[in-house]
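Participant: Chains as they are written, first to last, in the numbering used here: chain V, 1 to 193; chain E, 1 to 191; chain A, 1 to 189.
Since the hints were made in silico from the structure, they are not lab data. Check each hint, because a few of them may be wrong.
What the hints assert, rightly or not - The calculated lysine-lysine pairs, modelled on DSSO-like cross-linking and capped at a C-alpha distance of 30 Å, are:
id, chain 1, residue 1, chain 2, residue 2
1, A, Lys150, A, Lys50
2, E, Lys166, E, Lys148
3, V, Lys62, E, Lys166
4, A, Lys188, V, Lys22
5, A, Lys188, A, Lys150
6, A, Lys20, V, Lys55
7, E, Lys53, V, Lys55
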Amino acid sequence: MSIQTQLFESARLRLGPIDHEKDPEIESRWTHDPVFLHGLSFNPARPLSPAQMKKRYEAIEKEIDESHNSFHFMVRSKEDERLIGLARIEWIEWSHGAGGLKLAIGDVKDRRQGYASEVMQLLLRFAFDELNLYRLSAVVGEDNLAGLALLKKFGFVEEVRRRKALLRDGQFFDLIHLGLLRNEWQPVEASQP
Amino acid sequence: MSNPDLFTGKLVHLTAEDPETVAKPYCEWGRDTEFSRYLDSNPPFTFSEKKWKEWMEKDLEKTDNHFFSIRTLDGNQLIGFVALFELYWQHGDTMVAIALGPHEYWGRGYGTDAMNLMLRYAFTELNLRRVSLIVFEYNQRGIRSYQKNGFVEEGRVRGAMLRDGKRWDFIWMGAMREDWMRIQQESLRAS
Amino acid sequence: MDNLDLLQGKFVRLTAEDPKTAAEAFARWGRDSEYSRLLDSSVSAPVSVKKITEWMEKDLEKSSPTEYYFMIRRLEDDLLVGLIGLDGNIIPHGEAFVGIGIGERELWSKGYGSDAMRVILRYGFSELNLRRVSLDVFEYNPRAIRSYEKVGFVHEGRVRGYLHRSGQRWDLIFMGILREEWLAAYPKE
């Protein structure tokens, strides 16, 4: 990897900033799908209107500007600039070199296309080779099988299991913390469709 | 059926205090880096009394604020604080953090007593099902106290801290309502 | 655990809408005094779109965790039909009040209300993990009372003579549905 390597570009996707005009409507639609929301947050799934989404975006950029401990990317397809998902490195504790990772593919039609793996590659390289972090965490509900599979594929190891911390639709699920240390990270070849 | 002793324990009681009352002691404890490094993974920093007062006032505006000061029963001295955060009410899960300022109250059961009150509040008043906490690997006194309260280790975030040239784990511990209730019953029978 | 139709019923779906869209609908519906007097015990008087938009935008800033309001849209053509929401002392008791209004008069008695009600109950019980849902309804609204009974709400009492309208006193009727009752009435497929 050299200075010329594009950190924010993969074969099909590009990580980039929020488009405050176009993105609110699209992400608002995604928030009406509880699977999308459950993958991102442990709060009750609550759909947001485009106006609420816009306010959310403003709060995100304000937070990044003021606290300097997170990075928020919107994921678009290179071909037609279509919004595919979002990706974050957050809760960075610089003195320890520790951070958290989060990503989500928005539309159900865009899942199972290998996009999440492509985004994960970019995020890991950014976190380890540019932010020089020592380790990354991801917190996932036991019910999020796709999330767990993706993380394990990239070498994340289960570190903490908070027993029955989630109650969803009458069922209890453990909350699982997974971790990847830089010295365990092997860049994985993303499988192409 | 009301329990008049909800906020009173054996050695301490939990109180709600005005920002002006606590800003000065909290600020003073913040000057003790041993105190800060047990409580917080952020680099210790000495914030002003004014800043502490602002934080406490901001806290009061929150509807979901479960922050208590800890005072000794004997002498009513302010010795620490205990609070719930990251409370996911629909899951019935929350995190807890506790800190005692003056060193003379460390290792004498005051923290364990205060934590027990907070657990009773969380389980019997807020109807939560479980309480989580993070304790740093080098805080052996904390770990022992939490075990006495019924917390069980649920995992370790490896090398999450780099301090004094060494890597330390974050230890996650959890207390489930059923387990805590059982410990209470057993100690009642024993006494 | 795919739950793609959490907010979708047979005839309607629940959505989050921008203040302006919602405000225009509320203002239109509010001009129908029968609608207002069925929905609300406060004095019914029309309010401007601008005022309603201001209220809603102010609300947006709070985003309080004890209120979950949605607009109701018809599935077949996305028509804005009404509003429905949960509000209450969810911590620590796991209880919420539900309120619903079908604004388009031609759509009363077509089953849209009970459909929306079933969707919000599913949301409340499976996403918010409520233990019970309550509502209050005016004695002079038999259409709504019948609809709630069909959905599974049980009568729990009356506040006698609470309302004073059109020269008469009317009771405020309280109904409720418990989680066990909901599970029995709507077993999972």
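Participant: Now tell me, hint by hint, if it's right for this structure.
Facilitator: The hints, checked one at a time:
| no. | hint | result |
| --- | --- | --- |
| 1 | Lys150(A) <-> Lys50(A) | 37 Å, violated |
| 2 | Lys166(E) <-> Lys148(E) | 28 Å, holds |
| 3 | Lys62(V) <-> Lys166(E) | 34 Å, violated |
| 4 | Lys188(A) <-> Lys22(V) | 38 Å, violated |
| 5 | Lys188(A) <-> Lys150(A) | 18 Å, holds |
| 6 | Lys20(A) <-> Lys55(V) | 15 Å, holds |
| 7 | Lys53(E) <-> Lys55(V) | 29 Å, holds |
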